[in-house]
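Participant: Chains as they are written, first to last, in my numbering: chain G, 1 to 138; chain X, 1001 to 1721.
The set of hints was computed from the structure by calculation and includes no laboratory data.
Backbone N, C-alpha and C define an ideal beta-carbon position, used for all residues, glycine too.
Don't take each hint at face value.
Subject to a maximum C-alpha distance of 20 Å in a straight line, what follows is the list of computed SDA-like cross-link-like pairs (lysine to any residue) [to be verified]:
hint, chain 1, residue 1, chain 2, residue 2
1, G, Lys60, X, Gly1419
2, X, Lys1266, X, Arg1339
3, X, Lys1630, X, Arg1661
4, X, Lys1630, G, Lys6
5, G, Lys6, X, Glu1602
6, G, Lys6, X, Arg1661
7, G, Lys60, X, Glu1602
8, G, Lys6, X, Leu1340
Here are some of the chain G residues that sit facing chain X, going by a computed Cβ distance under 8 Å [as the list claims (entries may be wrong)]:
hint, residue
9, Leu9
10, Ser29
11, Ser32
12, Arg65
13, Pro92
14, Asp117
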Amino acid sequence: MDPSRKRKLRLVVALSAAVLLGAALVYTSFSSATEASTPSDVLRSGEPGRSYELTGKVAKGSVEREGDELRFRVRDRDGTTSVPVEYAGVVPDPFREGREVIVSGGLDGGKFVAERDSLVTKCPSKFTKDKDGGGAER
Amino acid sequence: MAALGSACLIIGLMTALYAAGASLYGARSGRRQFVVSGRRAIYCLAGLLVVAMVVLETAFLRSDFSFALVAQGSSTDTPTFYKASAMWATQQGSLMLWVFLLSILSSAALFVTRHRHRDIAPYAAAVLAAVGAFFLFLMIAYENPFATLSPVPPEGAGLNPLLRHPAMMIHPPLLYTGYVGFSIPFAFAIGALITRRTDADWIRSTRRFALLAWTFLGTGILLGALWSYAELGWGGYWAWDPVENASLMPWLTGTAFLHSIMVQEKRGMLKLWNVSLIIATFVLALLGTFLVRSGILDSIHAFGASTLGTPFLIFIVVVIGGSTALVLSRRRELRSEARLDSLLSREAFFLLNNLVLVAICAVIFWGTFFPLISEAVTGTESSVGPPFFNAVTTPLAIALVLLAGIGPVLAWRRVTPAGLRRAALFPAAATLATLVALLAFTRARDSVPALVMFCLVAFVLAVVGQEFWRGTAARRIATGESRPRALGQLVLRNRRRYGGFLAHAGIALLFLGVAASSAFIDQRDVRLSPGGARGGDANTATYRGGTASLGGDDAGTGAAISLGAVLDVRKGEQRFVLRPSRNYYRTADPSKGPIGRFFEGEATSEVDLRWGLRRDLWTAIQPDVATLTKAVQRLDRDPRIANAGPAQQLRAIAALAEIYRRDPPPAQFRALVSPLVVWIWVGGAVVLMGALIALWPAPEARMRRVSSLHGARLGRELSGA
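Work the whole structure out from these sequences, hints included.
Facilitator: This is the structure:
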């Protein structure tokens, strides 16, 4: 094969490999992605037994501890609809009222029963105060 | 004083605009005096920003709450060390730090190149000045760090206790030096494109800045990981959080850049690739600085809420659009001077390594921005978590370590079979021996990716070891030096080469730690009552009792109370004590009672861990303060306490702490046994050492510079005579 054809072939092979890998990436990301549901989503369309990833802010004055169990309400990021959460396990350091959290679990009789150790808070690097009056970090 | 700071920013903005204009005009019209003036304006900008930094830093140290920034990020009870570094915990302060570092590094780069690159440097100066002007404009228009408060509040909000860790305080300046440092090669690349001087000249004079930026960025990332591991109560060092990803992406493209420029220097190839890489790196550094803070990653809809988002997005679009147009218009000049001779050559493997690095960067970019992509495509916001990132980056990381081993043994242009055999025989044998030993004596076979990684680490270490060994031996034959002296001379005379090898060995060690700790970590979350024990046959931990201290946490972070536990640990024959605890910081929220304030504020884990070369034992505790709640509420309602002075309130707190210490309720513990995790930090240190060796000016280069200056003077004198 003459060199220029060889180079062209190489380019075609490389490009198709890149396209294939890219397609694989798109496919895996969409299939492994978890849909984040807000409290109002969960309350509106929540079927018992289905697993959700609940995201929102910890409602003010709602955090209670009872032994091993942590109870709090998660409200919509910009709204007042909230759902009560029952959680057990490790609580991340930045967990506070008003902070944004993600917790997985399912609905059970109007309550969101969380999987053990599934509570995640968003990274503490956002040091600045909330501007929407959530008053999180005061 | 705030007025002085604001004035510095405004004059700084005008200076930067002047510097950009003068440099451009000087370069276009050929009037050197304008070029010189533009460069000096940048030195002047650095001076102004030093003054601004001093003003702001002084305000922090003096707890001058008339500065809004100080009131927001510091307080009188913040320890001095953290007062000094609280500036970059705020958005405005980090902007200030960014532009300050930019002015210093730009001045250094322009000073170093003042007698060279008469054509490229003015454009580079104009680009740097324009970037500086943009940041100054942001601060003046949107986020002024010198905003004042009236009336002056008596006390500040304090620095977020989570950030009170030494690593967290040097981490942002390191990271920012890294981000900012990449703007130097970027600016010179743009200069080279504009002037069509696309040979390797711009690379030679900015290579050191790129390497410096890369070193700072890498060290910063690693310190961030160390902070996460040793300070946060979850026990991991990397969570694939957008903030982390944003800093990793420019580091990856920067790594690719440092490799591929060697191909351009040696063979005049990959020109287009190199300018694209440095442009991408700079854009990713800009993204890393802001996009994470702009709130856009939370949701598309959060974008409007941030003040910085829009101007910043415009700036990025301008940078990308402008650079792309420039690159396209210069594509003729960016043609390669040579062709790839063989796929089995060092340059081909550099290209391959580049592709892998860029692929890692691309998948991380995809995953980081996935919430936006999915919200735009499907209408619902969904995200990919660590499992996605781990799955897609593991094969790429394995390929990367393999290439880190193969690359150095290959010759430029073309490898002969004999040369390959000579170079690869020992490393291949070492890899095979490692594989056999791992299968025979360890349970590494439980995780195939980890097993592969272990073997490749052995391969890289063998390659690097062999290079050092052969180089030393050759030198001994040539010079008859003693072995240590020959080794030292070898490294000193070929700093770039052997520094690079050392960096490869360090990266291999780092991946040893990553692979072992992610595949074989043993994590337990248990609830223990005092006297209770948990563990297997080899390791047990017994909850001996509670601890409580007031105002004196070990790390000196200014916590009012810390509650914890004493754990007696038995590990085989060894016995030792771990004391994890949790710090409680007072909140300024008046709705909490005078005593409740001490418990309702921010709380952070004080991890206790025992480092080991083989494994780390890591513990954290979450004490149950619910038993104290009743007593706290009773005290809060008591008018005597509310009216009492701080001393009496402290006495009440002390009594509560004593109750906890004597009779601690069951507590939640997290214990991790993480094998080989310490090698991540060791590997990082080795990379740093390699980078420093490569950065240090070589003696010959110094010599050359001196003799060329001498030659130039001689020439001038002769021509004058």
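Participant: Could you run down the list of hints and mark each one as holding or not?
Facilitator: Okay, the hints, checked on the actual structure:
no. : hint                     : result
1   : Lys60(G) to Gly1419(X)   : violated, 70 Å
2   : Lys1266(X) to Arg1339(X) : holds, 12 Å
3   : Lys1630(X) to Arg1661(X) : holds, 17 Å
4   : Lys1630(X) to Lys6(G)    : violated, 80 Å
5   : Lys6(G) to Glu1602(X)    : violated, 64 Å
6   : Lys6(G) to Arg1661(X)    : violated, 77 Å
7   : Lys60(G) to Glu1602(X)   : holds, 15 Å
8   : Lys6(G) to Leu1340(X)    : holds, 12 Å
9   : Leu9                     : violated, 13 Å
10  : Ser29                    : holds, 5 Å
11  : Ser32                    : holds, 5 Å
12  : Arg65                    : holds, 5 Å
13  : Pro92                    : holds, 6 Å
14  : Asp117                   : holds, 6 Å
The structure is inconsistent with the numbered hints 1, 4, 5, 6, 9, although it conforms to all the rest.
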